[in-house]
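Enquirer: The task is simple: from the sequences and hints, build the whole structure.
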Amino acid sequence: MEKFLLISTICIIAFLPLKGQQTVSGKVTEQNENQAVPGVNVLIEGTKLGTVTNADGNYSLEVPVNGTLVFTFVGFRDQRINVGNRTIIDVALEPEIAELNEVVITALSIPRDVKALNYSVSEVSGENFTEARENNLANALTGRVAGVNVTNANGGPASSTRVIIRGNTALQGRNQPLYVVDGVPVLNNDFGQAGMWGGADMGDGMSSINPDDIESISVLKGANAAALYGARAANGVINVITKKGRDRKGIGVEFSSNYVFETVYDQRDYQRQYGQGDYVAADPLDPESPRIAVAPRTQAEAYGWGTNSWGPRLRSVDNAIQFDGVTRPYSDAGDNWNRFFQTGNTLTNTLVFTGGSEKQNFRFSISDLRNNDIIPNTGFNRQNLSFSTNAKFGEKLTLTAKVLYSREEANNRPFVSDSPGNAVLAMHYIPANINVYDYKGDPKKLGAIPPDAPESSLSIWGKSVGEEFQQVRNNWHQNPWWVANQYAIDDIKHRIITSGQLRYDFTDFLYAQGRIGLDWLARRESQLTPQGTGYLLSGSLYDYQKNISEINMDYLIGFIDSFGPISVNAFVGGNWMQRQAEEISIAGEGFNVPFFEALNNTTSRGWGYDQREEGINSLFGQAEIGYNGFLYLTASARNDWFSVLNPDYNSILYPSAGLSFVFSDIINTLPSWLSFGKLRGSWAQVGNVTVQPYQTNLTYELLGYDHDGYPLASFSTAQGTTGLIPNPELQPLLSTEVEFGIDVRFLDNRIGLDVTYYDQKSTDDIMQAQISRTSGFGSTNVNLGEMKNEGFEVLLNGTPFNGPFTWDISLNFARNTNEVVKLTEDVDELVIPQFGQPRNRNVLIKHIVGQPFGAITGRIQRVSADGQPVFFADGRMDATTEFVVIGNGNPDWTGGLNNALSWHNWNLSFLIDFKIGGDIISGTNMRMTAAGLHKQTLIGREGETPLTISGVTQTGTDSEGEPTFAPIEMTLTPAEAQAYWISSQSDNEGIADMYLYDASFAKLRQLTFGYGFPRKLLSKTPFVDLSLSFVGRNLFVLWKNIDNVDPESSYNNFNAQGIDYFSYPSVRSYGFNLKVGF
Amino acid sequence: MNYLHKLIPFLFGLMLMSLGCDTENLHERNVDPQSVSEMDLNYMFSAAELSIACNGGAGNNRYVNWRSNIGMCAGAIQQITTFGSISENGNYYRHQEDVAASFFVYSYNDQLKNLSEVIKQSGEVGYAEGRYKNTREASRILRAFSYFRLTDFYGAIPYFEANKGIEGNFFPTYDNQSIIYPHLLNELDEAVAGLSISNPDDGFKNADMLYQGDISKWKKFGNSLMLRYAMRVSNVEPGMAASYVSKAVASGVFESNDDNLWVPMTLQWLWANYNGLSRAFNPGDGGNECWLSETLVNFLKGSNPSAVADDDPRLMILSGGIARWNSGGWDPIDTDPLSQLGVPPGYYQSEVEAMLNKPGLIAEETFSRINYLMLDNDDPYMIMNHAEVEFLLAEALERGIGSGINGSAQSHYEAGVRSAMQMYMPYDPSLIVSDAAVDAYLATYPYGGGGVTGAESNLEMIGWQMWASKFFNWWEAWCDWRRMDFPPLIAHTSDVSPVTGGSIPVRLPYPSFEVATNSNFNQGDNNNYTSPVWWDGGSE
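Protein chains in written order, with my numbering: chain X, 36 to 1113; chain A, 447 to 986.
Calculated directly from the structure, the hints in this document are not laboratory data. There may be inaccurate statements among the hints.
[Stated by the list, open to error] Residues of chain X placed beyond 12 Å of chain A at every Cβ, according to the derived structure:
#, residue
1, ARG614
2, GLU1004
3, THR1043
[To be verified] Partial chain X-side listing against chain A, Cβ under 8 Å, derived:
#, residue
4, ILE116
5, GLY119
6, LEU320
7, SER324
8, ILE327
9, SER499
10, GLU502
11, TRP676
12, PRO682
13, TYR735
14, TYR740
15, LEU747
16, THR756
17, ILE806
18, ARG876
[Stated by the list, open to error] Some chain A residues flagged as far from chain X (calculated, every beta-carbon gap over 10 Å):
#, residue
19, SER531
20, GLU570
21, ARG595
22, GLY730
23, ASP731
24, ASP756
25, ARG770
26, ASP780
27, GLY806
28, ASP825
29, ILE829
30, GLY846
31, ILE878
32, LEU905
33, PRO934
34, SER965
Cβ atoms here follow ideal geometry from the backbone N, Cα and C, with glycine treated the same way.
Expert: Rendered as structure tokens:
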């Protein structure tokens, strides 16, 4: 009531009979540059009267005597100026620097005062994503936020991203955060990943968002920040706020254009001294005769040894026959990657219109992205359209509505990991004396056997003209030209994210709002394995259509008021979520009319159908109580009910509570250099349900096909060989987190330090436990164990220079330690579900009690009782039978260093990000060792450093069955050395830790260097704003410890991290960004 | 506008009541409209019938045959010899994880899973208790067949606790072969006894793609299996062998090729309905090299390699000739029986070139291939044949095992040879061998006359013929050879890192996934290719 009186009073005062009017005019300039600022709002305080500065920054306005003018412009501090009786008032606007009473958007889109927050929130503003761009928005977060670990699954231009906030909380699932756009959760489905047998990264949800539409992204890292999202918040929340229109005179137009080149970042360093060939008995009739390196002598040998680089020294023979029957010089054929990989490019154009009045405003944008990637015919196109509007009906009712539409088209998504269809793998394997141009085959159908191929060659290849021109006797080893030019693995995704919100202010302290958000997408995918492909000469065509939708409806009733020193900000509400997915697929194999690759032309067809539905109902509430603006207590609670769990176990309450204390506001004895200080602490519980619909009840279903008219049936969730046993008693995971933090700023806020410590514990984790296949099934869902994450995050920023030359520096880093505390009563080790094993088969990724999440296990060299390494009599290393822990893929430290420098109109910024600790097991280096391309395979060859071993060899067993050993010391012959290297990586006797590398690295992730044309120069042009910058991403690896591959190599975004196996090579991009405002 | 303002609080009130409270609807969401909680057991039985051949029920009919039947056994047993592709593992005695693991994984997770469920649900407290009687007994026979194969390849396996994942047994313990064998023989005995035409059909006829519900054929199949597995323990448990051989014979075993067990295949979907064995060799599909081994070709060419008259009539049935075979078609180069040439097992191509004195030979234009007429994608898949039964009876008589076997060892041997030569018509009607041709062969190599090599004992002659009769069923040929040690195969491998030290593998190692996952795994000493299984004289 008091408040009501107060407001009334203000209104009455404002509209008191005006004493008199006078015309005031002036010019608005920028403080530092003395340049005119057009478009500045000039308002008479307490009224709705005002104007906008013109192109020269001038304004003119009738103002009451003794009135106050308010000058507002985005990016600058508001200025209030008492007119007095002046008629000319020039104003110099001060650029806005971080204010202490910043407001950030928290869970459920609730704006809250940073001072009141009892947890750490990091906000990244939209411009960080638009200059140097990433196709997948999530990639752009790399190195930006302490405690946020971003890994791009190396799968091509439209691939997915793995974002881990504060470590992995759940043993399964993707451990991915919840993405929220303007308060409404959106889908971030994974559309398919490569596994140990290969495949392609089919992308995820975050590639749909246009960076130009983003105002800011705030990362709600801990359970405390995200508790209001209940069961969906266990992995944190990425809160995307889109840009809105604002009231301005006329319609603002902005145009930006970004063009970058992309080149392969080749990190290989293979041997180029020895060519194609293999070791054979010097006397073929005597298998005991010494084995020597020879280059292919026949076409069949060349075809058989297509990927073997175990031949003699280059030029030791003049010529050698190759797989196609042509004899060519046996010498270095030059670099093939430059011949095959092309310079890609990405062009992004965006046009934005904004406008509106105080009552209603809008923003409309259209954007077009066209990408051609480094592999011919691979690319990604995206069109975005967005429209948002805000309208006020009277004083009390506000409407907000928004539509984001995107159309994404990915062409020829590259296959990674195992060989079928993997052009990158084929490019790694090429021996030094081979030119990839000789793989081209038919120039009219690249990668195909040319029409003039001799009959004898066709016999050796077992193929016909027009089929794949394979360079090795291995049907699964594709010709890279064939993959690039004949394969088609394309998809088109249409997606609409729309939401509408009504807010009604009953009074100035009581409001209610209702919101509906829909995220709907339709994805059409088509995978063509062309007719004539080595492993599938018949060819196949697989098409599917998938529709997914998620609807969220929520409402809030909120209360904001203060009573003397006490302030209250509280609300209660509810949410109703429903998600549906439906998929229809057709798989056709073989084509009736040859090479006519249409579904209706396939000879054998199978189809599939999948449908899922799930929902969560929720009620929630939160109250923030402040005392004198320096002490805040916040508590919240949310109850979720899940459809995917059985009714007895499906209701969970998630509470949180926290305190924030701005000590600098009340302690008067603080030194003057300390400008701000806040302590915060909180406790929260959130949940996670990593269960698919229908996984709690045992059911049966008919297989998708009959046999000769006989219907066939099996368990619903257990078809095939990796069935899942339903568990009706599953409960949701519970994650409990305690967080403490301090936020201090020094020297008038020039230096800021924010430190957060957290301790998080997950219990009752739902894990799809791998069980013995002899149980009849592959896995079961169990509630198990306990996992801990503990760590701290530091954000240090400062402005060493401020003025014409400004330098902002910001360093963030985080340390997370993770431990699997308990699995089940009887089990201390579990193999990670899904892709816990890479193609090499000599490594398993496991969860082991006492170890961090996802331990890498493998065989190591046996050691005798007295510590001697054990070798076989022929010099090969003898591996243990057991898999032992050799490392893990989680980094210890992650972080980034941002620098932004500006001098007058020039600006330069760069981002260095790093990860320290964590291991990577390199399947690529294993296979390249077996192929004789890895440099270490030079050791032991004729005329190179000899390979000597020293240790013991097993001679037998004693009476007690214990092994007996004899010393062994020998220099291996070249053929023995070859056997040594090949066996060092084989699936049954490989020494896995030989291929385990420290995955630490530092990268120059981003660099921009720009020039903004001064407004003075532009005043004669239609432009209001014009800037041009050079931009680059992923420019250099500054430091790493693994040879030949990128330390971030991974071929999927699942939990089995730390594995490299012929993933897509890293891509550097650099180019220009042009921004024009009208 | 005013009335709108009054309406809005009301609307909010309505939302408050409707959201967050509608739990009934929520639970209904978790009912899968595509599935049922009780299934006609016959449909699961049919899926298992398809899967005992090629695992089509699991949607990958090529995997197991390719990796273990071809990949290991066909090479090890010297019927197929290749320089490359998956089957090189059997030729060079190499280890490949999938080759070792495939049969283990698919048996438990495909046919055994479904058969166990049929037996469980038609048994005590199952939802179909007392119904589907014949389906149940037939399922017990197929389950026993699958377990026999598993233990024959791996030795000790989870048996009593296996396939009980639904009941919460996720990590079954291992049972020794010596315990499993008698239990399985008894299972066969009970199942055969339980099958009856007087049982209600309950859909069995319409679900049985193997024998169309013919109870007498099912009984013969059960008894023939009993005979096979009784003979398999004859070296270590003569008493058990004798008793079950007698039982099988008394109850009735296969009498002619009409009783042979074939799984039909169709050209519907290639991953389920095609013949997976054909697919593995098809140049349009799997494309595994399909050259016949020198051991097999030499046996089929008879005592005199340069004469046609003494050839085995199967020479140009199993061999389609020397031919180019690619997706463009089958293009014979030489179908003269005298020119047929097998690949010497275990050598590298360069060594073979030197041995044949043909440097730079093109293997595709040099060696005999499997007859493409037997490799159509819709050719049926043979599980067991009459010839084997006759050879086992001949052996039992020679060794004096069991009682009640009519006729002489010679008569059974000859009946076996006849059936073996005349059983290929289901692949293609042209693959016919006349009685006269069989008679001529038997006259050229009379029983007791030393066989093709001229120096064979009767048991050795039986061993060679049994071996030849199991072309395509290399799994069983490998088991027979391990038990009988006939034919006397000469082991050779030029590989530098043999996992067997140069001898032919006598068992399969366990999948490393099982070793890593199942805490009850206790077979570390037998996790190799070299320790014989129990019936082969091993420790278990």
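Enquirer: Hint by hint, note whether the structure agrees.
Expert: Against the structure, the hints come out as follows:
no., hint, in the structure
1, ARG614, "violated, 10 Å"
2, GLU1004, "holds, 21 Å"
3, THR1043, "holds, 45 Å"
4, ILE116, "violated, 37 Å"
5, GLY119, "violated, 41 Å"
6, LEU320, "holds, 5 Å"
7, SER324, "violated, 10 Å"
8, ILE327, "violated, 12 Å"
9, SER499, "holds, 4 Å"
10, GLU502, "holds, 7 Å"
11, TRP676, "holds, 6 Å"
12, PRO682, "holds, 6 Å"
13, TYR735, "holds, 4 Å"
14, TYR740, "holds, 5 Å"
15, LEU747, "holds, 4 Å"
16, THR756, "holds, 4 Å"
17, ILE806, "holds, 4 Å"
18, ARG876, "holds, 5 Å"
19, SER531, "violated, 8 Å"
20, GLU570, "holds, 18 Å"
21, ARG595, "holds, 14 Å"
22, GLY730, "violated, 4 Å"
23, ASP731, "violated, 6 Å"
24, ASP756, "holds, 30 Å"
25, ARG770, "violated, 5 Å"
26, ASP780, "holds, 13 Å"
27, GLY806, "violated, 4 Å"
28, ASP825, "holds, 13 Å"
29, ILE829, "holds, 15 Å"
30, GLY846, "holds, 38 Å"
31, ILE878, "holds, 25 Å"
32, LEU905, "holds, 33 Å"
33, PRO934, "holds, 21 Å"
34, SER965, "violated, 7 Å"
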